[in-house]
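With the sequences and hints as input, model every part of the structure.
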Amino acid sequence: GENVEQHPSTLSVQEGDSAVIKCTYSDSASNYFPWYKQELGKRPQLIIDIRSNVGEKKDQRIAVTLNKTAKHFSLHITETQPEDSAVYFCAAPGGGGKLIFGQGTELSVKP
Amino acid sequence: EAGVAQSPRYKIIEKRQSVAFWCNPISGHATLYWYQQILGQGPKLLIQFQNNGVVDDSQLPKDRFSAERLKGVDSTLKIQPAKLEDSAVYLCASTPGGAVEAFFGQGTRLTVV
Chain A
159 GENVEQHPST LSVQEGDSAV IKCTYSDSAS NYFPWYKQEL GKRPQLIIDI
209 RSNVGEKKDQ RIAVTLNKTA KHFSLHITET QPEDSAVYFC AAPGGGGKLI
259 FGQGTELSVK P
Chain B
756 EAGVAQSPRY KIIEKRQSVA FWCNPISGHA TLYWYQQILG QGPKLLIQFQ
806 NNGVVDDSQL PKDRFSAERL KGVDSTLKIQ PAKLEDSAVY LCASTPGGAV
856 EAFFGQGTRL TVV
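Going down the list, the protein sequences come from chains A and B. Numbered by the working numbering, the letters in the first sequence go through residues 159 to 269 in order. Numbered by the working numbering, the letters in the second sequence go through residues 756 to 868 in order.
Bear in mind the hints are in silico, worked out from the structure with no lab data behind them. These figures come from a predicted structure and were not determined experimentally. C-beta: ideal position from N, C-alpha, C; glycine also. Wrong hints could be hidden among the right ones.
[As the list claims (entries may be wrong)] Below, computed lysine-lysine pairings styled on DSBU-like, alpha-carbon distance capped at 30 Å:
| no. | chain 1 | residue 1 | chain 2 | residue 2 |
| --- | --- | --- | --- | --- |
| 1 | B | LYS838 | B | LYS817 |
| 2 | A | LYS229 | A | LYS215 |
| 3 | A | LYS180 | A | LYS195 |
| 4 | B | LYS833 | A | LYS195 |
| 5 | A | LYS215 | B | LYS817 |
| 6 | B | LYS766 | A | LYS195 |
| 7 | B | LYS799 | B | LYS826 |
| 8 | B | LYS799 | A | LYS215 |
| 9 | B | LYS799 | B | LYS833 |
| 10 | B | LYS833 | B | LYS766 |
| 11 | A | LYS216 | A | LYS268 |
| 12 | B | LYS799 | A | LYS226 |
| 13 | A | LYS200 | B | LYS838 |
| 14 | A | LYS180 | B | LYS799 |
| 15 | A | LYS215 | A | LYS195 |
| 16 | A | LYS268 | A | LYS195 |
| 17 | A | LYS200 | B | LYS817 |
| 18 | A | LYS200 | B | LYS826 |
| 19 | A | LYS226 | A | LYS268 |
| 20 | A | LYS216 | B | LYS838 |
| 21 | A | LYS229 | B | LYS770 |
| 22 | A | LYS195 | B | LYS799 |
| 23 | B | LYS799 | B | LYS817 |
| 24 | A | LYS200 | B | LYS799 |
| 25 | A | LYS216 | A | LYS195 |
| 26 | A | LYS268 | A | LYS215 |
| 27 | A | LYS229 | A | LYS180 |
| 28 | B | LYS833 | A | LYS200 |
| 29 | A | LYS180 | A | LYS226 |
| 30 | A | LYS216 | B | LYS799 |
| 31 | A | LYS216 | A | LYS226 |
[Stated by the list, open to error] Stretch-level coverage of chain B by chain A, calculated; a stretch enters the list once three of its residues show a Cβ under 8 Å from a Cβ in chain A:
| no. | region |
| --- | --- |
| 32 | 784-798 |
| 33 | 852-862 |
[What the hints assert, rightly or not] Between beta-carbon pairs, the in silico distance windows are:
| no. | chain 1 | residue 1 | chain 2 | residue 2 | range |
| --- | --- | --- | --- | --- | --- |
| 34 | B | ALA757 | A | THR227 | 37 to 43 Å |
| 35 | B | ALA757 | A | GLY199 | 18 to 24 Å |
| 36 | B | ALA785 | A | THR236 | 35 to 41 Å |
Structure representation (C-alpha cells):
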C-alpha cells in the first residue's frame, strides 16, 4: 500500500523567510497530492493540491512542486507570516481513493 | 454549503467503557472516511465507505472498533471496550468520490482514563 514520509517534523523560521516541507510517496500510480493546514484544535483544511500532469502550482505565497520520477513533492511558503504557524500535512492516494497522510510538520513563524 | 458535522466534540470515558461517534457528511458526498489522529501525528485512516459499502477497513481494530453507514449518509463509529491508547481525535471526512479535496469535520476528542 501507499506510504507517505514527511520531513521535517518541526520547522522554525523568522517572519519573512521561506519554509519548505518535503514528502515522499511509494505508489507510482498516485496522481493527486494535497496539502492540508491544521491550526491548533481545528480541522485540517486544504490549502493547495497538485495533480500528476503538472510539475508546479502556485497560489499567492504558497507553491507545490512535484517530481514523479523521484516520487516526492514539496510545499513552499514564501514571505512567511505568524498566521502561517500551524501543522501541515501532505497526503497521497492509496488504492480505492483513500488518502494517506504524512506525519505532519509543525511550522513556527517567529515575529 | 454546510460542512461535515460531527458529535460529540469531546468525550471522556473510563477504560473498558464503550463510546460512539456520529458523522453527517456534506450532502451528496458518496465517500466517507473515519480517521484517528493521535496527538502529534498525522491522521490515520480507520475505514472508508463508498455510499453504504466498506471500501477499506484494513486499519480498523475490528476486535473493538466498528463502523456503519446504513443508508449511505450518516455514519457512526463505535469503540467497545475502550483502551487508554484509543485517546485521540476522531475525524470524519467526506468527498464526492475520486481524487479530490477531502472535507473534514471538527472531530471528536476522546480521552480514555
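Evaluation of the provided hints:
Taking the CA atoms of LYS838/B and LYS817/B, the gap is about 14 Å. The hint holds against a cut of 30 Å. Of the pairs offered as hints, the one joining LYS229/A and LYS215/A holds, with about 17 Å between alpha carbons and a cut-off of 30 Å not exceeded. A C-alpha spacing of about 14 Å is found between LYS180/A and LYS195/A, which places the hinted pair at or below 30 Å, so the restraint holds. At roughly 27 Å between alpha-carbon atoms, LYS833/B and LYS195/A fall within 30 Å of each other, so this suggested pair holds.
The suggested pairing of LYS215/A with LYS817/B is violated, with an alpha-carbon distance near 40 Å, which exceeds 30 Å. Restraint check for LYS766/B and LYS195/A: satisfied, since their Cα atoms lie roughly 24 Å apart, inside the 30 Å limit. A C-alpha spacing of about 25 Å is found between LYS799/B and LYS826/B, which places the hinted pair at or below 30 Å, so the restraint holds. Proximity of LYS799/B to LYS215/A is assessed by CA-CA distance (about 27 Å); at most 30 Å being required, the pair is judged to hold.
Taking the CA atoms of LYS799/B and LYS833/B, the gap is about 16 Å. The hint holds against a cut of 30 Å. A C-alpha spacing of about 13 Å is found between LYS833/B and LYS766/B, which places the hinted pair at or below 30 Å, so the restraint holds. A distance of roughly 24 Å separates the Cα atoms of LYS216/A and LYS268/A; the hinted pair therefore holds under the 30 Å criterion. For the hint linking LYS799/B to LYS226/A, the alpha-carbon distance of about 24 Å falls within 30 Å, and the restraint holds.
Between LYS200/A and LYS838/B, the direct Cα distance comes to roughly 24 Å. Compliance with the 30 Å bound is thereby established for this hinted pair. Between LYS180/A and LYS799/B the alpha-carbon distance is near 19 Å, which keeps this suggested pair within the 30 Å criterion. Among the hinted pairs, LYS215/A with LYS195/A is consistent with the structure: their alpha-carbon atoms are about 17 Å apart, no more than 30 Å. Between LYS268/A and LYS195/A the alpha-carbon distance is near 18 Å, which keeps this suggested pair within the 30 Å criterion.
At most 30 Å may separate the alpha-carbon atoms for a hinted pair to count; LYS200/A and LYS817/B meet this at roughly 28 Å. Distance hint between LYS200/A and LYS826/B is fulfilled; the C-alpha atoms sit about 28 Å from each other, no more than 30 Å. Taken as a hint, the LYS226/A and LYS268/A pair is broken in the structure, with Cα atoms around 33 Å apart against an allowance of 30 Å. Restraint check for LYS216/A and LYS838/B: not satisfied, since their Cα atoms lie roughly 44 Å apart, outside the 30 Å limit.
Proposed proximity of LYS229/A and LYS770/B is contradicted: the alpha carbons are some 42 Å apart, above 30 Å. Taking the CA atoms of LYS195/A and LYS799/B, the gap is about 16 Å. The hint holds against a cut of 30 Å. With a CA separation close to 15 Å, the supplied pair LYS799/B and LYS817/B stays within the 30 Å bound. This hinted pair checks out: LYS200/A and LYS799/B have alpha carbons roughly 17 Å apart, not beyond 30 Å.
Proximity of LYS216/A to LYS195/A is assessed by CA-CA distance (about 16 Å); at most 30 Å being required, the pair is judged to hold. Between LYS268/A and LYS215/A, the direct Cα distance comes to roughly 26 Å. Compliance with the 30 Å bound is thereby established for this hinted pair. Note on LYS229/A and LYS180/A: the hinted pairing holds, with a Cα-Cα distance of about 11 Å set against a maximum of 30 Å. Distance restraint check for LYS833/B and LYS200/A: the Cα-Cα separation of roughly 22 Å lies within the 30 Å cut-off, and the hinted pair is therefore satisfied.
Distance restraint check for LYS180/A and LYS226/A: the Cα-Cα separation of roughly 13 Å lies within the 30 Å cut-off, and the hinted pair is therefore satisfied. Between LYS216/A and LYS799/B the alpha-carbon distance is near 28 Å, which keeps this suggested pair within the 30 Å criterion. With a C-alpha separation of about 18 Å, the suggested pair LYS216/A and LYS226/A falls inside the 30 Å cut-off, and the hint holds. Restraint check on the region 784-798 of chain B versus chain A: 7 residues with Cβ-Cβ distances below 8 Å, three needed, restraint holds.
For the region 852-862 of chain B, the stated coverage by chain A is satisfied: 10 residues place a CB nearer than 8 Å to a CB of that chain, which reaches the threshold of 3. Checked against the hint of 37 to 43 Å, the pair ALA757/B and THR227/A passes, with Cβ atoms roughly 42 Å apart. Distance hint for ALA757/B and GLY199/A: a CB-CB separation of about 21 Å, consistent with the stated range 18 to 24 Å. Between ALA785/B and THR236/A the Cβ separation comes to about 37 Å, which falls inside the hinted range of 35 to 41 Å.
Going down the numbered hints, you'll see the structure goes against 5, 19, 20, 21, while the others check out.
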